[in-house]
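S.K.: Spelled out from the first residue to the last, the chains are:
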Amino acid sequence: MTKFSVQKIKSSLTEFISSKGGKCALPVYILLTLGFVAPLFMVLGFSFATPRSFSAFTSFSLDNFIQIFDGSTSVWRSFLWSIALAAFVTAILAVVCYPVAVGMVRIFGSKTSTFISILFVFPLFVSENVRLYGWILFFGKNGVLDGICKLLGFHGPDILFTPGMTAMGLAYSYLPYMLFPVIMGVALVPKDLITAARDLGSSRLRTWWQIELPLAMPGVLIGMLLTFVLATGSMSESKILGGQSIIVITNDIDVSFTFSQNWPQGAALAVVLTLIIGSLTLYAFKKIDLDKLMGRS
Amino acid sequence: MTDLTRRSLLKALSAGAIASSSLSVAAKAFAVSREKELNILCWEGYNSADVLDPYRKLRSATVHAESATNSPTIVNKLRAGETKVWDLINVDNPWAREFMYPNNLILPLPIEEFAPYFDKMLPFFKYPFDWSMSTDGTKLLGMVQRFGTNNFVVNTDKISRKTAEEQGWKLWADDSLKDRYAINIADDWNVCHMFAIAGIDPYREHTKEEMELYTKTCKRIFANAKFVGDIAAVNQALVTGDIDVYLSGGTYTSSLARADGYDNIRAISPNKDAYMWIEITSLVNNPELSPLAMDFLKYVQEPEVAHTVAFAEGTFNPVAQMANPECFKLFTKEELDIIQYDSLEEDLTKCRADDIIPNYDEAHEIMVEAKRVKG
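Keeping their order, the protein sequence lines are chains V and P. The first sequence lines up with residues 1 to 297 when you count with the working numbering. The second sequence lines up with residues 298 to 672 when you count with the working numbering.
Calculated from the structure, these hints are not laboratory results. Backbone N, C-alpha and C define an ideal beta-carbon position, used for all residues, glycine too. Please note that the accuracy of each hint is not assured.
To give a feel for the contact side, a few chain P residues facing chain V, derived at Cβ under 8 Å [to be verified]:
id, residue
1, 351
2, 370
3, 377
4, 381
5, 405
6, 407
7, 530
8, 553
9, 639
10, 661
11, 663
Straight-line alpha carbon distances no greater than 20 Å define the calculated SDA-like cross-link-like pairs of lysine to any residue that follow [what the hints assert, rightly or not]:
id, chain 1, residue 1, chain 2, residue 2
12, V, 10, V, 20
13, V, 141, P, 521
14, V, 141, P, 655
The following block holds chain P by itself, in its conformation from the complex (with noise of 0.2 Å):
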């Protein structure tokens, strides 16, 4: 073994020095690369090209967005530690309100900045939008943008949209629609449908009693269902002729077959107890916050922008901005169509947010376990 003699001991100071600035150096390197770089966590269609690349050029910027199809997943992604990763991220109403920021995942926005966006958006938006600001009102949480209807889509050749609407859940009351209808893979929303077809209100406490009900119905519904796919099975499956109606989808997935021609598939919302979804983009609690972050949720909101993101690649959706003559006019007669335009404010008054199911885990379990026996 070498002895530890003054030489050594200065050649080991010195590696150390030379390494420990080396990461200082790196460490400064990574916050001035920050400066030109933002990471969005988001649903699909802001990862689009057609959104990012107009903003990379104009902030000569490197934006890398990463999607999913689930509000979960997206959300597991910081509990799992990667709020130094990311910058901004867009999920479902009840995330930043009831989970995000009260975990500390998310920072509230300055309000004098971005309150007066919400007086260009639909007056269902309003500020202070309840979903966008935290649970005593004082905090903006996140700016708003896409949003949907999610309930059943059917083919109106088979079922008018008079009769879907007006009969609603009660369309699953009975084996009548055994091997006529398939389910889109979105097990939150399941979870929330089933409860919505057993005649529970998902969102509040359940006795034992309903959950009871809940069991039988979930079981049922599998069972006679056709079958149980993504959305671009069950899509095709309602074009075919296959089924004749789809649980779980709304305007974000019946846009595609629209947008394919098909007017005859439309998404349903009953006249009782119908939901909906709104997109909330938040500022992720990132020690090393990208300054892009909040310029960026300024860019989203320019018509010409609200209006790529409505279509942009993947689904296409309503978004609050249409309310602004200069976005609305930039969609066509056809793009309105798509997105069922025609009935939106009447959606907007029929259907309920998302929210939190407080007992989700246990109610998501008893679905799986219904989907793998099937009866």
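Chain V extracted, bound-state conformation (with noise of 0.2 Å):
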């Protein structure tokens, strides 16, 4: 695989400036280079900001990192669970995704594959928020499970605001994210090669370890770091779905911003999880050839 370096991308710079294009272009690309960066900026400045302060830049404190890592409050649990429950579903979604993508791709005829694109698109249509209190009125005392579970003679199960349901809501939330890159990588792998293999006498399960697996996991790679940085990033599914059972980081960055009037805190928080997604996504990104998931190479 080829790496991802910084020389290859200081080239493909040099290159695209010195093009006409490149030229015309380098004023829109500034703006919204500036326009990427200036909030960025802003959050680190109040990260270093004295605590509960309002004004970025002013004072300098390292206190608002001190006390997420000094062990005297529990916001370690919310960044756990942010990264537990979205490395959980981003698995879960991977597992499930895969035999979906496989289907569309080789199985279903391109009608039947639009139609269940379409179903899938669909739901993003729709705020995220009204999803999710659709699934409350489904899951929730007298809700549609319930009033057919009654119907049956019993009664449906007591599973809202629970992790189990924040789970859920992520991966219902989040499934376009990992399905979409997963076909585009299945769709990657030639059918020649698979053909030969199981011609050569391979088993299908040594062709698809082997094979398929391999040539699509660029594809299943940029699925799971999509879904793996929105679902660590999500608060609606565990304030809703969840009844903040458990409390995530977003919400503790929220909750900062707004009722404990403390942004330096609020933006410490959000840096160190910038850093982790941010670490992680480089080294994911190590190990993707993009060259290759684009057809370039």
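Reassemble the complex: the two chains are provided individually, in unrelated frames, and hints are given to aid placement.
M.R.: Written out as structure tokens, the structure is:
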């Protein structure tokens, strides 16, 4: 696999800037970069401000970070819950989406595949909160599930407001973000290679393990990365479906910026979370050959 | 490097002159445009099209309103330097008197122009109403409109109004309500109510022993709660029978369920240690304050507008202007029932207005910790 390297980025950038199109697009790129970097810069500034102050860059303090790591609070639980839930949901979705992707690429006809794609994309047009409240109506007492169970003579399961429901909500919300990259990955596996392996006597399992999965892996990894990052940054699922049975780190950040009135604390939490996710992302990128994924090599 | 010549200097100077004159024109244009522009930072309701659209038409103005569902978030915007952006700020009562005015975030109103409006309000808000005045009682800091109780909400089919009012916070004295209640997410009110359950006055300095008792109470109350959710979730659970009662709610929250026909959902003001909020709308200390700011404050005092504000989208609440017969006649019997008008007078005598909790930061951290570890 080609390694993701700074040198490669540098040469691509130089090539881009020296082109006529690149020169014309440069002001827009600068504007977009500023728009992207400036808020992050502000968050960074606030994270080093005196606790409970409301201006960045006018003071310097490490107290916000010390408080996170000194063990005086249980905020580590929130980090742990967020990362563990995101990892769990990512693994579940990878297992669920792979066969669906294989079906859509190889087994179903193009019409069925398009129909299934629409089914998966359609919920994205509806606000996430509305969809999550829909699940409350489905799983709640006297809700759809409970009603059906009662018709059958027993009570529905009492599963709302549990960590399990938070995980279910995350899996439901982020399924499309896993599915479509996986479809892309599976679609890039040449069918001839699989046929050749089978002709040479390789078992189905061995063909999948040694040929199909490694070739589809860039798509799977992109899907896992997207899902993991989005799930770590989610809050609605634990708030609405989980009933705050667990507190995720984004909730702590939200509370710091609102009810706690401690923006520097919230900013420090955001910086630590960004660093954790950023490190994992960079590590994953090192393992992914983007060129191969895009079919450029 | 090009040398500095007379020609290049003149060029640079003229470019600078053009730039500065453009800036001054832009600044003037900004000041002029503020005459027809109004920015309101408020609780939900005042941002409703029902309230704002008629005003936009009336003054041919551009009115922008941004809402939040808690006062600290709204106040924080001004603290972070947005006084240049906003003209009016609408928050719960303690903030104007105790925080925003002492910190130069808001401006006083001309008493001679605004005091007469208090004559048409419920007697409870008679001028000079404490919470709308500065602590020394000399400045009028804002106008009063919406108010409501904030204690707990019950399903009267499960817990009668009489029992709830008599027992009050003692309902949570033991674990008998375990898994039968939820907590509405409103951290500032949650802190207040944790103190109330612990039998401690929230609005004074607390001893170490009191804080220990408060900590224990927070842990027990969060551990025993079925869930912690927003208004929609707690109301839904109360209606479906998932829970019998929820903490940190009042007419502000119960009115939504009652509007849907669930008369058995009722906001309770305990006979002892009941709390309420009153919204105060103030002029922001904006160096370019819109001339429409005071005009809008007068506009919302009109009987029709006051009624619209009471039933603006979001939540339904009583308004101080209901004392005015012109305003009161606009409320239907059903609307009065939704906002629990039958107990309004009683509530006003029972409830204590929200105030600043002196050690809020410490108390809030303890509560957040309790929420995380759940006992």
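S.K.: State for each hint whether it applies.
M.R.: Do the hints match the structure? See the list:
1. 351: With Cβ-Cβ at 28 Å, over 8 Å, it is violated.
2. 370: holds (5 Å)
3. 377: holds (5 Å)
4. 381: violated (14 Å)
5. 405: violated (23 Å)
6. 407: violated (30 Å)
7. 530: holds (6 Å)
8. 553: Since the shortest Cβ distance to chain V is 14 Å, the answer is violated.
9. 639: violated (28 Å)
10. 661: holds (6 Å)
11. 663: Since the shortest Cβ distance to chain V is 10 Å, the answer is violated.
12. V:10 - V:20: Within the cut-off at roughly 18 Å; holds.
13. V:141 - P:521: Holds, because 19 Å separates the two Cα atoms, which is no more than 20 Å.
14. V:141 - P:655: violated (40 Å)
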